[in-house]
Amino acid sequence: MDLLLILPLAIPLGTAVLTLLLRSVPGVQRLTSVLGAVALLGASGTLLWRVATDGIRAAQMGGWPAPFGITLVADPLSAGLLGMTAFVAVAVAVYALAGMDEARQRFGFHPLFHLLLMGVNGAFITGDMFNLYVWFEVLLIASFVLLVLGNERRQLDGAVKYVGINLVSSIIFLAAVGLLYGHTGTLNMADASGRIAELRGSGVEATLATLFIMAFGIKAALFPLFFWLPAAYHTPPAPVAAVFAGLLTKVGIYSLIRVFSLLFPDPTGYTRTVLLVIAAGTMVVGVMGAMVQRNVHRLLAFLVISAMGYILMGLGFFTTLGLVGAVFYILQDVPVKTTLFLIGGMMERDTGTARLGEMGGLYQYRPVLAAAFMVPAFSLAGFPPFPGFWGKLTLVQAGLEAEQFTIVAVALIVGLFTLLVVAQIWSRAFWRPATEDDVQASGSTSQRWALNGPIVALAVVLLAIGLYAQPLYGLAEQAAANLVDTQAYVDAVLGPSAGA
Amino acid sequence: MIYSLILQVATRLLIPLLLVFSVFMLLRGHSHPGGGFVGGLIAGSAFVLYAFSRGVGAARQVLRFEPQTLLGVGLACALGSGILALIQGEAFLTGLWADLYLPGGIHLYLGSTLIFDIGVFLVVIGTVVLMMFSVEERGPAVIPSRRNDTS
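In the order they appear, the protein sequences are chains A and B.
Using this note's numbering, read the first sequence as starting at 16 and increasing by one per residue.
Using this note's numbering, read the second sequence as starting at -16 and increasing by one per residue.
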C-alpha cells in the first residue's frame, strides 16, 4: 500500500478537521492551518521526487483491484501539479494570517481552504472518471462557500454566476461520464483508454470529446465560456482569489489534458482545429479583456484566461514538444497567478483603492513589492529569464514544428499585448508619483511580514525556476513522454499483464 | 420561528420518533437500503423541526454541540476509519471486520465501515442544521401576519 499517494488527500482532510474543531482557539487554529500546509508540501514534494526518479505510482483504494475500485495514480504531470499546489498552499496559508479579516478566519476560512486543497489534490491524483467528478464537486463546494464567505453584496453577485455556470458544467461532465460508462463499461481511465478503441471514429467518440471539451472548458474558463471568471474572481479577498486563480482553472485544463491523452490520443484534424481555435480565442479574449479593465483584480482575472489559451495550444498541437510546453506552462503558471493575485491584494491594501488609475507611488514606497511584482508579471509577458519565457518558447517551437503558423502568430501577438497590459500596471500603480500619504502602511510589523514574506518567497522561487529551468523542464519532458505514450500509465494502474 | 400550538405539540411527539428512526436507518444501512446519509437527514430534520417550533436558540441548546463540531467529529470518524485500515497494514479505506460472540447468544458482526457511516451521519446532521440555523437566524424573527401587510 502506497502511503505517499494517500497523504496528499489525508493531510488536508486532517488539517480541515483540526482547524474546524480548534476554531474557538484562533491562535492554535492558524498555527495548525500553516503546519498542515507545510506537511502537505513535505508529502507532495516527496511524492514528486519519488515519481520523478522511480516512475509512475498507483494505489488501489480499499483493496479493490483496478478497474473495479478507485485508483490513485501519480505520473509526473500529476505529481508536478501536486507539488506546485502544496507550494502555493503554504504561501497562501501564511499570507492569510494577516490578509484575511478576523471574521472570515473565525467563520471557517481555514477548514474550507484545506478542503479545497483536498479537492484539488484529489482531482490531480485520481485515475477514475467518476471519482474525478466527485473531486470536482468537493473543490467546487468548498470554493462556493469561500467565495461567499463574508456575505458582501458583490460577492453574492459573483457567486450566483459562478455557481450557476459550474452546475451546468457539472451536468455536462456527468452526462459525458455516463455516456463513457455506457459504451465502454468502465470508469477507470486507464481501462477506458484501451476499450475506447472500439469506438474510434464513431459518432459517440466525437460526442464524448465535445462533451468533455465543454465540461472542462467551462471549468478552465476557455473561450467562449470564460465570462463567469472575471465576474467572480475579483470579489473574494486576496488569499481566496489567489488560490482560485492559481489552482481551479488548472484543474479544468489538467483534466482536459488527461482525458485527451488517454481517451482521444490521436485527435482527428477536426478536433485539433477545434482545440486550436478555442486556444486562439481564449488567448485573444483574455488579453483584450485585460486591456480595457481599470480594476486591478478584474484585469488579473482576464490574464488568467489568456494563460489558459497557451496551455490549450500545446494540447492542440498534440506533439511531444507541444505537450512539454503545455506541461511546463501549466506548472509555472500556478505560482505565477497566485503571486500576482496576492500582490494585487497588497496593492489594494496599501493604496486603498482597486482602481489602477488612482494608484501610484508603489515603486517609491514599496520597493520590495515592486521587485516581487516584476517576476510574475514579466514571466506572464514572456520575458527572459522568467519561467513564462521558457514555456512560451517551447510552445512556439512546437507550433513551428507542427506547421501551425497562424496560431503561433496569434500567440506571439497576444504575448506583445500582455506585455503592454503589464507595462500599464507598472507605469500606473508603481511608477506614477504619489505622496507618502497615498501609500499607507496598515497592520503591525509581524502582519507585514506575513503578507510580504510569502510574496517574496514565491517570487524568488519563480526567478530560480526561470534562471535554472532544467529540472522543471526535465519533469515536463517526462510528463509529456508519458502523455504521448500512455502504456506506462496503463501498466501502472492495471498491472503489466494488461497490455499483453 | 413560527408560533403554533399544533406544531409545538406535534414536534414533541415527532422528535423522539425521528431520532430513533434515524439511528435505525443508520444501522440498517449496514446491509440494506439506508445508511449514514439518510439517517443523518432524518436526524437533522428533527432538529430543524425543533428550531421551527421553538426558535434557533432553544434548538442550539437541545443539540448541545455546535454544528461545526459535529462536522469536524464526523469528518474525523470518516478519516479515522480509513487510517484504521492503514494501521492494520491493509489498503486505505479497506473494511475491517470482527465477529463477536457475546455472552447471552448475541452475535455481532462489526465492521470499520460503520465508523465511516457514523461519520457521514454526523456530517450530514451538522451540515443540515448549520444551513438551517444560519438561514433562520438571518430571517425576520417573527413572520408578520398577512392582515398587517395588506392594511
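Read the hints as simulated data drawn from the structure, not as lab findings.
Treat the hints loosely; a few may be bogus.
Chain B stretches covered by chain A per the calculated footprint, using a threshold of three residues with CB under 8 Å from any CB of chain A [as the list claims (entries may be wrong)]:
no., stretch
1, 66 to 76
2, 100 to 107
Okay, the calculated beta carbon distance ranges per label pair [unchecked claim]:
no., chain 1, residue 1, chain 2, residue 2, range
3, A, Ile156, B, Tyr(-14), 55 to 65 Å
4, A, Met303, B, Leu(-10), 54 to 64 Å
5, B, Tyr(-14), A, Phe83, 50 to 60 Å
6, A, Val289, B, Phe20, 51 to 61 Å
7, B, Leu(-10), A, Lys176, 33 to 43 Å
8, A, Thr450, B, Ala41, 25 to 35 Å
9, B, Pro16, A, Ser459, 50 to 60 Å
With the C-beta cut set under 8 Å, the calculated list includes, among others, these residues of chain A facing chain B [claimed, not checked]:
no., residue
10, Ile21
11, Leu22
12, Leu28
13, Ala31
14, Leu36
15, Val40
16, Pro41
17, Gly70
18, Arg72
19, Gln75
20, Gly77
21, Pro80
22, Leu427
Being a predicted model, the structure only gives us computed values, none of them experimental.
All residues carry an ideal CB built from backbone N, CA and C; glycine is no exception.
Hint-by-hint comparison with the structure:
Look at the stretch 66 to 76 of chain B against chain A: 8 of its residues bring a Cβ nearer than 8 Å to a Cβ of that chain, three or more, so the hint holds. Coverage of a stretch by a chain is defined here by at least three residues with a beta carbon nearer than 8 Å to that chain's beta carbons; for the stretch 100 to 107 of chain B and chain A the count is 0, and the condition is violated. Our hint of 55 to 65 Å for isoleucine 156(A) and tyrosine -14(B) is violated, since their Cβ atoms are close to 35 Å apart. Between methionine 303(A) and leucine -10(B), the C-beta spacing of about 58 Å keeps the proposed range 54 to 64 Å intact.
The hinted window of 50 to 60 Å between tyrosine -14(B) and phenylalanine 83(A) holds, with their beta carbons roughly 55 Å apart. Take valine 289(A) and phenylalanine 20(B): their Cβ atoms lie about 40 Å apart, and the range 51 to 61 Å is violated. Separated by about 38 Å at the C-beta atoms, leucine -10(B) and lysine 176(A) satisfy the suggested range of 33 to 43 Å. Roughly 57 Å separates the CB atoms of threonine 450(A) and alanine 41(B), a value that falls outside the hinted 25 to 35 Å.
The supplied range of 50 to 60 Å is met by proline 16(B) and serine 459(A), whose beta-carbon atoms lie about 57 Å from each other. The beta carbon of isoleucine 21(A) comes within 5 Å of a beta carbon in chain B, closer than 8 Å, and the hint placing it at the interface holds. Nearest Cβ of chain B to the Cβ of leucine 22(A): about 10 Å, over the 8 Å cut. The hint is violated. The beta carbon of leucine 28(A) comes within 5 Å of a beta carbon in chain B, closer than 8 Å, and the hint placing it at the interface holds.
A cut of 8 Å between beta carbons decides the hint on alanine 31(A): the least distance to chain B is about 7 Å, and the hint holds. A least Cβ separation of about 4 Å between leucine 36(A) and chain B falls short of the 8 Å threshold, and the interface hint therefore holds. Among the interface hints, the one on valine 40(A) is violated; its C-beta lies about 13 Å from the nearest C-beta in chain B, farther than the 8 Å criterion. Hint status for proline 41(A): violated, given a least beta-carbon distance of 14 Å to chain B, over 8 Å.
Taking 8 Å as the C-beta cut-off, the interface hint given for glycine 70(A) is violated, the closest approach to chain B being about 20 Å. Given hint, arginine 72(A) at the interface with chain B, is violated; its Cβ is 14 Å from that chain's nearest Cβ, farther than 8 Å. The interface hint given for glutamine 75(A) holds, since its Cβ lies 6 Å from the closest Cβ of chain B, which is under the 8 Å cut-off. The beta carbon of glycine 77(A) is positioned within 8 Å of a beta carbon in chain B (closest approach about 4 Å), and the interface hint is therefore held.
For proline 80(A), the interface hint is violated, the least distance from its beta-carbon to any beta-carbon of chain B being 10 Å, above 8 Å. Hint status for leucine 427(A) relative to chain B: violated, with the closest Cβ pair at about 47 Å, above 8 Å.
Comparing the model with each numbered hint stated earlier shows that hints 2, 3, 6, 8, 11, 15, 16, 17, 18, 21 and 22 do not hold.
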